[in-house]
Amino acid sequence: MDLAPRQRQRLTGYLFVAPVALFLAAVVIVPLGSAVWTSLLRVRGLRSSFVGVANYATVLADETFWHGLARSAAFTASSVLLHVALGLALALLLAELRTARTALRIAFLTPWMVAPAVGATVWLWLLEPQFGVVNYLAQSAGLIGSPKAWLGEPLSAFASVVAVDVWRGVPFVMLLMLAGLQTVPQEQYEAAALDGANAWQRFRYVTWPNLRYLVVVATTLDVINTVRHYDIIGVMTGGGPASATEVLPVLLYNTAFRGNRFGEAAAIGVLLLAIVLALVVVYIRITRIDRDAGDAR
Amino acid sequence: MTPPSALRTVVLWAVALVALAVTLFPFYWMLNTSLKPATEVFASPPTFVSAHWSLDAYRTVLTDRPVGRYFVNSLVVALGTTALSVLLAALAAYGLTRFFPRGATPFVLFLLFTKMLPETLLIIPYFRLMSDLGLLNTYWALVLAYSSFALPFSVWMLVGFFRGIPREIDEAATIDGAGAWTTFVRVILPLARPGLVAVALFTFLIAWNSYVWALVLTTDASMYVLSVGIANMVGEYRVQWNELMAAAVIAALPVMVLYALLERHLVSAITAGAVKG
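The listed protein sequences derive, respectively, from chains F and Z.
The opening residue of the first sequence carries number 24 in the working numbering; numbering runs sequentially from there.
The opening residue of the second sequence carries number 4 in the working numbering; numbering runs sequentially from there.
Just so you know, the hints here were simulated from the structure itself, not pulled from any lab data.
Glycine is no exception: its CB is placed at the ideal position from the N, C-alpha and C atoms.
Keep in mind that a hint or two might mislead.
Stated by the list, open to error - Straight line, CA to CA, 25 Å or less: simulated DMTMM-like cross-link-like pairs of lysine to aspartate or glutamate:
1) F/K171 / Z/E266
2) F/K171 / F/E151
3) F/K171 / Z/E239
4) Z/K118 / Z/E239
Claimed, not checked - Cβ pair distances, simulated, as ranges:
5) Z/G182 / F/L120: 36 to 44 Å
6) F/R124 / Z/G238: 52 to 60 Å
7) Z/I172 / F/A27: 19 to 27 Å
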């Protein structure tokens with residue numbers, strides 16, 4: 024076969040990209056299609072029958088879904104808020120320190136490197152009702168009178184999983200913020216210092232305007248990652264007690280693998296996907312806007 | 004900037020050290036507990052340092068419990084995922100940056116989409132698919148599943164690295180008579196080595212730390228990976244916390260060491276991947 028150089032060039036390009044495209048089609052697109060299809064089925068053991076949108080009707084009419092959605096919103100909002108606030112604060116702090124910066128950065132990143140499921144297991148031991156060290160420390164500090172079953176009551180269980188997620192999630196935001204702080208032009212700080220700006224004013228008028236975009240990007244990314252996170256809650260409470268920590272991914276897992284209701288679980292999953300997709304669109308729009316702005320400058 | 008006053012430095016360090024203590028305390032407690040004999044684990048008040056520290060719990064989990072087996076499973080699956088993902092990602096990144104400089108954007112957006120899918124949604128069809136194919140409780144099931152979400156990351160990051168390699172280098176190789184494949188293997192891959200190392204490391208970490216997929220795709224205890232095996236030990240009737248923490252150390256230590264050694268590579272890869280489009 025005789026091909027023009029241009030065509031040959033294209034063909035070569037396709038050959039390099041094809042393995043990934045085919046692989047992703049097989050391991051992502053097919054399962055995704057299958058998940059959407061499953062959401063239209065009633066699955067009973069090995070038999071399944073097409074029921075249209077009945078699963079969605081069931082899920083949307085069910086109190087548990089709305090409860091899960093509200094839990095997800097509360098969990099994501101509190102975790103992300105704390106990730107970003109503490110991550111930014113830590114980054115600003117580390118940027119101020121002159122020595123041992125790399126060592127500190129590595130140390131602070133540790134919670135993020137360890138498997139969430141393993142970190143959560145360690146926290147189960149810390150929070151253990153009878154012999155856990157958290158109870159001992161809280162009692163010694165006079166914060167609580169008697170040992171508390173942290174994961175046994177709805178409110179403290181919810182606070183506990185948020186705390187563990189914050190412990191794990193802060194380093195990632197800190198890392199992004201540290202990278203962002205390095206891009207702030209040093210001359211702007213010098214100019215501010217010449218004008219006699221104090222620390223707050225330097226943050227308010229130099230650091231923040233330069234960092235704002237990155238804070239928005241990091242927040243969006245973190246919301247996407249937190250709203251679909253399963254591992255920590257899955258290991259620590261499995262959604263309990265009294266569904267206090269049953270966020271959507273956990274509800275999905277429980278519906279599928281504990282309740283054996285795959286059709287309904289898939290419907291919950293598709294609804295969760297819709298939420299994530301909406302956030303992804305926001306993320307793309309934000310990053311795109313900046314790219315255009317960057318070109319214009 | 005004004006020279007830092009001594010007082011200010013002291014205050015900053017004090018805050019940093021308090022934050023560090025809170026961050027690292029769980030790891031200290033994990034290590035401390037893993038070194039204690041079973042009797043001391045339930046001592047009240049708990050001991051922060053002990054004269055009876057020993058490696059007994061490690062010996063027990065590695066001989067009487069299948070933690071060694073979990074470790075091997077984790078290693079095989081993580082290495083398999085890394086090999087598969089980095090190979091495919093390097094091919095794609097080369098093809099995208101060299102042949103479709105503009106057409107790459109839709110594909111990269113598609114990658115962004117796939118890496119943000121909720122994994123709990125995908126485990127349902129994966130579970131059904133893998134059981135239909137008879138692949139439940141195999142390394143293949145996990146390698147395929149992990150690659151499905153590691154690969155978009157890998158391509159995404161490598162595209163960034165490959166863009167940084169000047170096109171003139173390719174053109175020079177072409178003038179010397181090298182075909183696309185030769186250029187890729189002999190010229191581009193060696194130049195992209197720091198990027199490949201970072202991506203391989205990141206892929207390894209993702210696979211090593213993954214949990215919910217393995218939870219669903221393995222039901223046979225001999226196929227558990229560390230994260231699943233450890234989380235399952237919590238469900239036992241009477242939890243041996245010192246053994247459990249020893250297993251946790253065994254799971255956490257390799258990633259900590261790898262990470263500390265290659266921190267610089269990894270940090271640049273992560274920040275670039277998250278921020279750039």
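Cross-check of the supplied hints:
| no. | hint | verdict |
| --- | --- | --- |
| 1 | F/K171 / Z/E266 | violated, 39 Å |
| 2 | F/K171 / F/E151 | holds, 9 Å |
| 3 | F/K171 / Z/E239 | holds, 21 Å |
| 4 | Z/K118 / Z/E239 | violated, 35 Å |
| 5 | Z/G182 / F/L120: 36 to 44 Å | violated, 52 Å |
| 6 | F/R124 / Z/G238: 52 to 60 Å | violated, 42 Å |
| 7 | Z/I172 / F/A27: 19 to 27 Å | holds, 25 Å |
Of the numbered hints stated above, those contradicted by the structure are hints 1, 4, 5, 6, listed in ascending order.
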